[in-house]
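K.L.:
For reference, the chains in residue letters:
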Amino acid sequence: MENPYLPYPVRIDEVITETEDKNLKTFKFVFINPGDEEKFSYRPGQFAELSIAGKGEIPIGIASSPTEKGFVKFTVNKVGLVSTYLHNMRPGNVMGIRGPLGNWYPWEEMEGKNVVIVGGGFAFTTLRSSIVYMLHPENRPKFKDIKVVYGARTPGMLLYKDELKEWEQRDDIEMHITVDGTNDPDWKYNVGYVPPITEQKITSAENAIAIVCGPPIVIKMMQPVLAKLNFPPERIILSLEKRMKCGIGICGRCNLGDQYVCKDGPVFSMAQLKELPPE
Amino acid sequence: MKTTSFTKQEWDEALQGLSDSYRIFVPIREGDFHMFRPLENGIKPDFDFQNTRISPKSIIYPQSERMFEYTLEPEDPEANILKEAPKDYSPRAIVGIRPCDVHAFRIVQRNFDNPEFRDPWWVKHFESTILVGLGCNRPCSTCFCTSVGGGPFHEEGLDIMVYDLGDRFLAKSLTEKGEDFLNKTKAGAPADQPALQAAEDLKESVEKAFNPNVTMDHLHEKAVLDLFNAPFWEEVAFACINCGTCTYLCPTCWCFDIQDEVFAKQGDRIRNWDSCMFPLFTLEGSGHNPRTKKFQRVRQRFMHKLKYYVDKYQDGVQCSGCGRCVRYCPVNIDIRQVAALMNEL
Ligand SMILES: Cc1cc2nc3c(=O)[nH]c(=O)nc-3n(C[C@H](O)[C@H](O)[C@H](O)COP(=O)(O)OP(=O)(O)OC[C@H]3O[C@@H](n4cnc5c(N)ncnc54)[C@H](O)[C@@H]3O)c2cc1C
Ligand code: SF4
Ligand code: SF4
Ligand code: FES
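In order, the protein sequences belong to chains Y and L. Just so it is clear: in the first sequence, position 197 is 200 by the working numbering, and no numbers are missing. Just so it is clear: in the second sequence, position 265 is 292 by the working numbering, and no numbers are missing.
One should not assume that every hint holds.
[Unchecked claim] Below, simulated BS3-like cross-link-like pairs (lysine-lysine); rule was C-alpha separation at most 30 Å, straight line:
id: 1; chain 1: L; residue 1: K320; chain 2: Y; residue 2: K277
id: 2; chain 1: Y; residue 1: K223; chain 2: L; residue 2: K321
id: 3; chain 1: Y; residue 1: K81; chain 2: L; residue 2: K230
id: 4; chain 1: Y; residue 1: K150; chain 2: Y; residue 2: K191
id: 5; chain 1: Y; residue 1: K42; chain 2: L; residue 2: K249
id: 6; chain 1: Y; residue 1: K277; chain 2: L; residue 2: K114
id: 7; chain 1: Y; residue 1: K58; chain 2: L; residue 2: K292
id: 8; chain 1: L; residue 1: K320; chain 2: Y; residue 2: K245
id: 9; chain 1: L; residue 1: K320; chain 2: Y; residue 2: K223
id: 10; chain 1: L; residue 1: K110; chain 2: Y; residue 2: K58
id: 11; chain 1: L; residue 1: K321; chain 2: Y; residue 2: K245
id: 12; chain 1: Y; residue 1: K223; chain 2: L; residue 2: K110
id: 13; chain 1: Y; residue 1: K58; chain 2: L; residue 2: K151
id: 14; chain 1: Y; residue 1: K277; chain 2: L; residue 2: K321
id: 15; chain 1: Y; residue 1: K31; chain 2: L; residue 2: K292
id: 16; chain 1: Y; residue 1: K81; chain 2: L; residue 2: K292
id: 17; chain 1: L; residue 1: K235; chain 2: Y; residue 2: K245
id: 18; chain 1: Y; residue 1: K58; chain 2: L; residue 2: K249
id: 19; chain 1: Y; residue 1: K28; chain 2: L; residue 2: K292
id: 20; chain 1: L; residue 1: K213; chain 2: Y; residue 2: K245
id: 21; chain 1: Y; residue 1: K277; chain 2: L; residue 2: K292
id: 22; chain 1: L; residue 1: K339; chain 2: Y; residue 2: K223
id: 23; chain 1: Y; residue 1: K42; chain 2: L; residue 2: K29
id: 24; chain 1: L; residue 1: K110; chain 2: Y; residue 2: K31
id: 25; chain 1: Y; residue 1: K72; chain 2: L; residue 2: K110
id: 26; chain 1: Y; residue 1: K28; chain 2: L; residue 2: K110
id: 27; chain 1: Y; residue 1: K245; chain 2: L; residue 2: K110
id: 28; chain 1: Y; residue 1: K42; chain 2: L; residue 2: K114
id: 29; chain 1: L; residue 1: K339; chain 2: Y; residue 2: K58
id: 30; chain 1: Y; residue 1: K58; chain 2: Y; residue 2: K72
id: 31; chain 1: L; residue 1: K204; chain 2: Y; residue 2: K81
By construction, these hints were calculated from the structure, which means they are not laboratory data.
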């Protein structure tokens with residue numbers, strides 16, 4: 004019997020400090036046992052439990068894309084016990100990854116459609132995975148226009164800065180980067196919160212699906228914006244967070260009505276959420 | 028299928044005799060209460076009981092269970108890599124388990140052994156266990172098994188059903204595993220017709236006198252949001268002190284927490300029973316907590332048992348009617364009344 008609680012052993016290959024406050028770091032892992040990478044086959048939107056012997060496990064969205072081979076990446080905010088310990092680990096250290104867990108963004112449904120991606124704060128990790136996945140030459144023809152609105156408090160708080168610049172220069176993706184405020188005179192992108200910038204830049208919901216990730220306040224403020232654009236609730240896709248332990252729908256912790264966010268989610272449409280208790 | 032009649036002394040001796048082939052768990056009396064204990068030297072089973080205070084769920088699903096072990100010794104090439112903690116899966120028997128508690132195993136099995144994921148420890152412990160049930164001659168005033176699909180002599184899920192006929196036990200095997208167990212006792216005599224009739228009569232008279240009548244027939248058709256937003260939750264929860272007794276004693280509560288524990292350079296990953304009654308259960312690292320208020324947690328407990336489970340599996344409620352939570356709640360919160368409120372909303 005396979006043990007769904009047993010992590011794959013991995014080695015930290017690289018640690019990148021992403022933000023000016025140094026609270027967000029990206030960890031690149033390689034699997035120690037040959038064959039494990041293949042078993043860990045995932046789709047953008049899924050997450051995994053990062054497991055540290057002696058400390059515990061934390062659920063973290065997968066930031067790399069399945070089109071990137073040889074490693075997996077996660078971007079972790081320093082919050083409490085496990086994430087703080089992880090922030091002090093170094094390349095070469097051994098830990099574990101358990102997953103992939105949960106469902107993914109509705110890739111089949113998104114084919115042939117325009118894709119609108121809205122991200123606020125550090126909840127941009129699985130969105131990065133999605134963008135890299137869609138921009139892959141094999142996948143790009145499956146989607147129509149791809150538009151991205153991504154915001155952070157300041158320019159220094161944006162994740163994946165090099166990639167943002169690169170995407171900004173491409174003509175097969177439309178980027179709208181914004182910050183809440185900045186005193187950088189050379190800042191050449193937008194200034195303003197994500198919801199109003201979305202309202203300015205996204206003009207139509209026609210044949211489009213919107214994926215929205217961010218802190219609760221952004222999700223809340225996005226609702227009237229998307230409603231005004233005429234996005235029906237079925238085509239607004241969100242990724243939820245709850246305190247988790249098992250990640251496989253067994254420990255009973257992360258329920259939203261009769262759904263477990265870890266197993267039946269974390270990805271839900273706004274239409275699904277309207278039917279569930281608002282916890 | 029066979030039915031064997033044992034005098035009470037023969038039965039006790041037969042169990043002692045089997046303790047080489049099985050790890051046998053029996054009810055014993057401790058103070059005012061009964062509990063299941065391994066049958067070892069000096070342990071005297073006591074089958075004259077209504078039910079154990081703590082349910083037998085811990086025999087399959089221990090309150091605290093090692094999942095993995097590891098070393099943090101930097102020199103060790105296996106350092107930081109989790110290994111399965113060794114466990115004893117030798118055959119075991121729970122003798123004297125009540126039909127409601129067997130029903131409870133079938134309820135929680137849906138959670139631990141589902142088409143997507145199998146919890147290896149629960150499944151292996153369960154599969155190595157034989158269930159020797161004891162019919163209930165005297166259901167308690169708090170029991171309501173018949174309202175949730177069970178009954179004082181309900182046989183489903185059992186390997187053997189035992190009838191207490193006063194001076195002797197009548198043991199009826201229901202599965203091959205059960206028959207094997209009876210054969211191994213090498214004691215007792217085939218039950219004669221009067222004994223079989225006595226068992227039938229006993230069952231009938233107990234069932235006739237037992238009428239708990241908790242109605243739950245409308246739960247599945249209620250809208251989940253109507254129940255969630257029902258006006259009665261604050262009142263239901265008013266006296267609750269969030270002690271967790273209800274979930275701890277409940278044979279159908281399955282939630283757990285996972286923790287790492289380290290001593291010197293050796294560590295274990297352990298799971299422990301947890302409870303939705305505790306605020307920490309849902310507290311996120313950011314400080315956000317979807318259930319900060321007591322009534323939200325009490326509501327979660329009842330909604331899970333009486334609505335979410337009902338909707339998810341379409342086969343009854345997540346409650347075996349054992350009545351433990353009713354009996355031992357320090358402030359008398361009664362799931363039967365809450366079920367009625369929900370059913371009548
Ligand atoms: C599906 C999903 C995806 C996530 N993706 C990311 C991500 O990409 N990057 C990121 O930085 N964070 C992400 N989080 C949040 C992250 O899991 C928590 O910040 C983290 O668990 C905090 O753990 P800690 O040990 O540092 O904090 P502590 O407060 O010490 O937490 C103790 C334990 O509680 C549990 N826990 C606490 N908070 C949360 C929480 N918000 N969600 C789930 N379990 C929690 C964990 O088991 C944790 O080990 C995600 C959460 C979920 C549910
Ligand atoms: S036993 Fe009673 S008081 Fe204790 S948590 Fe349960 S309902 Fe509340
Ligand atoms: S909810 Fe109460 S009556 Fe039902 S199985 Fe649990 S302890 Fe027994
Ligand atoms: S984390 Fe265990 S059920 Fe979701």
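K.L.:
Does each hint fit the structure? Answer for all of them.
P.N.:
For each hint, the structure was consulted:
Distance hint between L:K320 and Y:K277 is fulfilled; the C-alpha atoms sit about 22 Å from each other, no more than 30 Å. Taking the CA atoms of Y:K223 and L:K321, the gap is about 25 Å. The hint holds against a cut of 30 Å. For the proposed pair Y:K81 and L:K230, the alpha carbon gap of about 62 Å is over 30 Å, so the pair is violated. In summary, the hint linking Y:K150 to Y:K191 is supported, as the alpha carbons are separated by about 18 Å, within the 30 Å threshold.
Of the supplied pair hints, the one linking Y:K42 and L:K249 is violated, its CA atoms being roughly 42 Å apart against a limit of 30 Å. Of the pairs offered as hints, the one joining Y:K277 and L:K114 is violated, with about 45 Å between alpha carbons and a cut-off of 30 Å exceeded. In summary, the hint linking Y:K58 to L:K292 is supported, as the alpha carbons are separated by about 13 Å, within the 30 Å threshold. This hinted pair checks out: L:K320 and Y:K245 have alpha carbons roughly 17 Å apart, not beyond 30 Å.
Taking the CA atoms of L:K320 and Y:K223, the gap is near 22 Å; set against the 30 Å cutoff, the hint holds. Restraint check: the Cα-Cα separation between L:K110 and Y:K58 comes to about 15 Å, which is no more than 30 Å; the hinted pair holds. This hinted pair checks out: L:K321 and Y:K245 have alpha carbons roughly 18 Å apart, not beyond 30 Å. Restraint check: the Cα-Cα separation between Y:K223 and L:K110 comes to about 43 Å, which exceeds 30 Å; the hinted pair is violated.
Annotation: proposed proximity of Y:K58 to L:K151 holds, straight-line Cα distance about 27 Å (limit 30 Å). For the hint pairing Y:K277 with L:K321, the CA-to-CA distance comes to about 24 Å; that is within 30 Å, so the pair holds. In summary, the hint linking Y:K31 to L:K292 is supported, as the alpha carbons are separated by about 26 Å, within the 30 Å threshold. Distance hint between Y:K81 and L:K292 is fulfilled; the C-alpha atoms sit about 25 Å from each other, no more than 30 Å.
About 48 Å separates the Cα atoms of L:K235 and Y:K245, which puts this hinted pair outside 30 Å; it is violated. At most 30 Å may separate the alpha-carbon atoms for a hinted pair to count; Y:K58 and L:K249 exceed this at roughly 43 Å. With a C-alpha separation of about 28 Å, the suggested pairing of Y:K28 with L:K292 holds against the 30 Å cut-off. Between L:K213 and Y:K245, the direct Cα distance comes to roughly 55 Å. Violation of the 30 Å bound is thereby established for this hinted pair.
Between Y:K277 and L:K292 the alpha-carbon distance is near 49 Å, which puts this suggested pair outside the 30 Å criterion. With a C-alpha separation of about 28 Å, the suggested pair L:K339 and Y:K223 falls inside the 30 Å cut-off, and the hint holds. Taking the CA atoms of Y:K42 and L:K29, the gap is near 48 Å; set against the 30 Å cutoff, the hint is violated. Proximity of L:K110 to Y:K31 is assessed by CA-CA distance (about 24 Å); at most 30 Å being required, the pair is judged to hold.
Between Y:K72 and L:K110 the CA atoms are separated by roughly 27 Å; this keeps the pair inside 30 Å, and the hint holds. Of the pairs offered as hints, the one joining Y:K28 and L:K110 holds, with about 28 Å between alpha carbons and a cut-off of 30 Å not exceeded. As the CA atoms of Y:K245 and L:K110 are separated by approximately 28 Å, the hinted pair is consistent with the 30 Å bound. Between Y:K42 and L:K114 the alpha-carbon distance is near 27 Å, which keeps this suggested pair within the 30 Å criterion.
A threshold of 30 Å between alpha carbons decides the hint, and for L:K339 with Y:K58 the separation of about 34 Å lies outside it, so the pair is violated. A hinted pair counts as satisfied when its Cα atoms are at most 30 Å apart, and Y:K58 with Y:K72 qualifies at roughly 28 Å. For the hint pairing L:K204 with Y:K81, the CA-to-CA distance comes to about 53 Å; that exceeds 30 Å, so the pair is violated.
Going down the numbered hints, you'll see the structure goes against 3, 5, 6, 12, 17, 18, 20, 21, 23, 29, 31, while the others check out.
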